[in-house]
Amino acid sequence: MKIAMLVIPLLLILVIWVVYSYNSLIRLNISADEAFAQIEVQLKRRADLIPNLVETVKGYATHEKSTLDAVISARAKATSATGITDVAAADGQLTTALRGLLAVAESYPDLKASANFLSLQEELSTTENKVAFARQFYNDTVRSLNQAVKTFPSSLFVGMAKVSARAFYEVENPADRNVPNVKF
Amino acid sequence: MTASSLNFRKLQDSNRRKTFGLLAGMGALVWLVVFAAMTYLGKSTTLIVPVAVGFALISVWGSYYFSDSLVMTMTGAKIIEREDHPDLFNLIEEVCIASGLRLPKVAIVNDPAPNAFATGRNPDHAVIAFTTRILEIMDRDELQGVIAHEMSHVANRDTLVSAVAATTAGAIAILSDMMTRMMIFGGMSDRDDRDNNQNPFAIVISLLVLILAPIAALLLKSAISRKRESLADATAVAFTRNPAGLRRALEALAADTTVVRQRSNAVAHIWIESPLDGKSVSKLFSTHPPLEERIAILRNMESNPL
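Here the protein sequences come in this chain order: C and Z. In terms of the numbering used here, the first sequence opens at residue 1 and continues consecutively. In terms of the numbering used here, the second sequence opens at residue 1 and continues consecutively.
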C-alpha cells in the first residue's frame with residue numbers, strides 16, 4: 001500500500017513528462033512547417049507583384065532592358081524552384097534583381113512621380129519586409145526545433161515523434177559574397 | 001550585466017526574471033499582511049482574507065476579461081479596417097509575420113498627441129490602437145518599431161500580468177483598509193480573541209506592516225509595469241531586429257510635449273509613452289522607465305547586433 005502511494009505519483013509524473021516532451025517536439029515541427037508555408041505565401045505575393053512592376057517601369061525607363069530581363073528571369077526561376085535550398089537561392093537572386101530595378105528607377109523622375117509606381121513601391125517594400133520576417137521567423141523556429149532535437153532529454157523522443165533537425169533558410173546573396181576586401 | 005553585453009535576448013531574459021521576482025515579492029507581501037493581521041487582531045481575522053481577495057478578484061478580473069472593449073471606450077478608440085489605412089495594415093502584417101502572432105484588431109484614437117497602446121485579454125482578443133497624430137509624424141521604420149512594441153505586449157501577455165499585479169495590490173489595499181478600520185472601531189470586540197501573552201513589539205511591527213503594505217504594493221505594481229515596458233522594447237527588437245526604428249520613434253515621442261487628452265489614471269499604464277509620468281512625484285511610482293533610459297538601451301543594442 002505504502003509503496004503504491006509512492007510509485008503511482010512518480011509514474012504519473014513520468015507519463016506527464018513524456019507526453020509533454022513528445023508534444024513539444026511535435027508542436028515545434030508543425031510550427032516549422034507553418035513558418036515555411038508563410039515564406040512561400042510571401043514569395044508568391046512578391047512574384048505576383050512583379051509583372052505589374054515591370055510593365056510600369058517599362059513605360060518610363062526604356063533603356064533598362066537588361067535590368068528588366070534580370071528581374072523577369074529571376075522571377076521565372078523563383079516560381080519554378082522547389083526544395084528549401086533552391087527556393088532560398090532563387091529568392092536571394094530575385095531580391096538582388098529587384099534592388100537593382102529600384103535603384104535604376106531612381107534616375108527616372110517621371111517614373112518616381114507616377115502614382116502607379118508609388119503604390120507599387122509601398123507594396124514592394126512591405127512584401128520585401130514580409131519575406132524577410134518570414135525567413136527570420138522560420139529560422140528562429142528551426143533554431144528551437146534543432147535545439148530540442150539535439151539536446152537531452154528532449155532528444156530521447158526524436159525517434160518516437162518522427163521529427164528531425166532541419167536546414168536553415170539561407171539566402172545566397174551575391175551582393176554579400178562580393179564584399180570588397182579592404183587591404184591596408 | 002555590463003552595458004556592453006546588452007542584446008535583446010539577454011534583455012528579455014533579465015526582464016522576465018525580474019517580473020517573476022517582483023510578482024513573488026507581491027505574494028510575499030500578501031503573506032506578510034495576512035500574518036500581521038493575525039498577529040494584531042487575532043485568528044478571527046482569517047475570514048477577512050478570502051473576502052478581500054474575492055473583492056479584488058471581482059473588481060480587477062472583470063476589467064481584465066473585457067479589457068478590449070473597456071479600454072476602447074475609455075480612450076475613445078475606433079476600430080478601423082484595412083481599407084481605411086492600408087499602409088498601416090501592411091506594417092502590422094509585417095510585424096505579425098515576424099512574431100508569429102495573428103492579426104489584431106486595429107483602432108484609431110483621434111488625438112493631437114502621438115501615442116499608441118495594446119490591450120485585450122489574450123492574443124485572440126488583442127487590439128492595438130494609434131493616435132491620429134502618431135500616424136502623421138512617424139516614418140515607416142519608426143511606426144514599425146511602435147507596432148512591434150505594442151505587439152510585444154500582446155505576445156508577452158502584459159494585460160494578464162498587469163491584471164495579476166492589480167489584483168494583488170488591490171487585495172492588499174482592501175485588507176489593510178479593513179484592518180485599520182477594525183483597529184479604530186472594532187478593537188474592543190476582538191480583545192478577548194488576542195493572545196494575552198502577545199509580544200508588544202510584534203504588535204507594533206504588525207501595525208506598521210498594515211499601514212505601509214498598500215504603499216509597498218503600489219511600488220511593486222509600478223516596478224512590474226516598468227519591467228514589462230522594458231521587456232516590450234527588447235521583444236520589439238527581437239521581432240524587427242531593428243533597434244534604430246523604435247529608438248527614433250521614442251526620440252520623436254520625447255521631442256513632442258503634447259499629452260493625450262484622456263488622462264485617466266486607470267489606463268495610463270497602457271500607452272507607449274505614459275501620459276502621467278511627466279508630473280509623477282518620483283520615478284518609483286511611474287509606470288514607465290524614463291524615455292531617455294529606454295532610448296539609451298536601444299542605442300546600445302544598435303551597436304551590439306545579436
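Calculated from the structure, these hints are not laboratory results. Check before you lean on any hint, since a few could be wrong.
Estimated spans, in silico, between C-beta atoms of each pair [said to hold, decoys possible]: (1) C:ASP110 / Z:LEU284: 58 to 64 angstroms; (2) Z:GLY21 / C:TRP17: 24 to 30 angstroms; (3) C:ILE13 / Z:PRO200: 45 to 51 angstroms; (4) Z:ARG102 / C:ALA4: 23 to 29 angstroms; (5) Z:LEU284 / C:SER155: 29 to 35 angstroms; (6) Z:ALA254 / C:PRO9: 51 to 57 angstroms; (7) C:ILE8 / Z:PRO290: 53 to 59 angstroms; (8) Z:THR73 / C:ILE8: 49 to 55 angstroms.
With the Cβ distance kept under 10 angstroms, some of the chain C side facing chain Z (calculated, not the full set) [as the list claims (entries may be wrong)]: (9) ASN52; (10) THR56; (11) ALA115; (12) PHE117; (13) GLU123; (14) PHE137; (15) ALA161; (16) SER164.
Cross-link-like lysine-lysine pairs, in silico, DSS-like; alpha carbons within 27 angstroms at most [as the list claims (entries may be wrong)]: (17) C:LYS44 / C:LYS150; (18) C:LYS77 / C:LYS65; (19) Z:LYS78 / C:LYS150; (20) C:LYS44 / Z:LYS105; (21) C:LYS44 / C:LYS58; (22) Z:LYS78 / Z:LYS105.
Everything numeric in this text was worked out from a predicted model, so none of it was measured. Beta carbons are placed, not taken as given, at the ideal position from N, Cα and C, and that holds for glycine.
A quick look at each hint next to the structure:
About 59 angstroms separates the C-beta atoms of ASP110 (chain C) and LEU284 (chain Z), a value consistent with the hinted range of 58 to 64 angstroms. For GLY21 (chain Z) paired with TRP17 (chain C), a C-beta distance near 27 angstroms keeps the hint of 24 to 30 angstroms intact. Between ILE13 (chain C) and PRO200 (chain Z) the beta carbons are some 48 angstroms apart, a value that agrees with the proposed interval 45 to 51 angstroms. Between ARG102 (chain Z) and ALA4 (chain C) the beta carbons are some 47 angstroms apart, a value that contradicts the proposed interval 23 to 29 angstroms.
Between LEU284 (chain Z) and SER155 (chain C) the beta carbons are some 47 angstroms apart, a value that contradicts the proposed interval 29 to 35 angstroms. For ALA254 (chain Z) and PRO9 (chain C), the hinted distance range of 51 to 57 angstroms is satisfied, since their beta carbons lie about 56 angstroms from each other. Checked against the hint of 53 to 59 angstroms, the pair ILE8 (chain C) and PRO290 (chain Z) passes, with Cβ atoms roughly 55 angstroms apart. THR73 (chain Z) and ILE8 (chain C) have their C-beta atoms about 52 angstroms apart, which keeps the hinted 49 to 55 angstroms range intact.
Here the hint on ASN52 (chain C) is broken, as its CB sits about 16 angstroms from the closest CB of chain Z, past 10 angstroms. A distance limit of 10 angstroms between C-beta atoms decides the matter here; for THR56 (chain C) the minimum to chain Z is near 18 angstroms, and the interface restraint is violated. Hint status for ALA115 (chain C) relative to chain Z: violated, with the closest Cβ pair at about 14 angstroms, above 10 angstroms. Among the interface hints, the one on PHE117 (chain C) is violated; its C-beta lies about 16 angstroms from the nearest C-beta in chain Z, farther than the 10 angstroms criterion.
For GLU123 (chain C), the suggested interface contact is upheld, since its CB lies about 8 angstroms from the closest CB of chain Z, less than 10 angstroms. Residue-level restraint check for PHE137 (chain C) holds (minimum Cβ-Cβ distance to chain Z is 6 angstroms; threshold 10 angstroms). The beta carbon of ALA161 (chain C) is not positioned within 10 angstroms of any beta carbon in chain Z (closest approach about 21 angstroms), and the interface hint is therefore violated. Because the smallest distance between the Cβ of SER164 (chain C) and any Cβ of chain Z comes to about 22 angstroms, over 10 angstroms, the interface hint for this residue is violated.
For the given pair, LYS44 (chain C) sits about 33 angstroms from LYS150 (chain C) by alpha-carbon distance, which is inconsistent with the 27 angstroms threshold. Of the supplied pair hints, the one linking LYS77 (chain C) and LYS65 (chain C) holds, its CA atoms being roughly 18 angstroms apart against a limit of 27 angstroms. A distance of roughly 48 angstroms separates the Cα atoms of LYS78 (chain Z) and LYS150 (chain C); the hinted pair therefore is violated under the 27 angstroms criterion. For the proposed pair LYS44 (chain C) and LYS105 (chain Z), the alpha carbon gap of about 25 angstroms is at most 27 angstroms, so the pair holds.
Of the supplied pair hints, the one linking LYS44 (chain C) and LYS58 (chain C) holds, its CA atoms being roughly 22 angstroms apart against a limit of 27 angstroms. As the CA atoms of LYS78 (chain Z) and LYS105 (chain Z) are separated by approximately 10 angstroms, the hinted pair is consistent with the 27 angstroms bound.
Hints 4, 5, 9, 10, 11, 12, 15, 16, 17, 19 from the earlier list are contradicted by this structure; the remaining hints agree with it.
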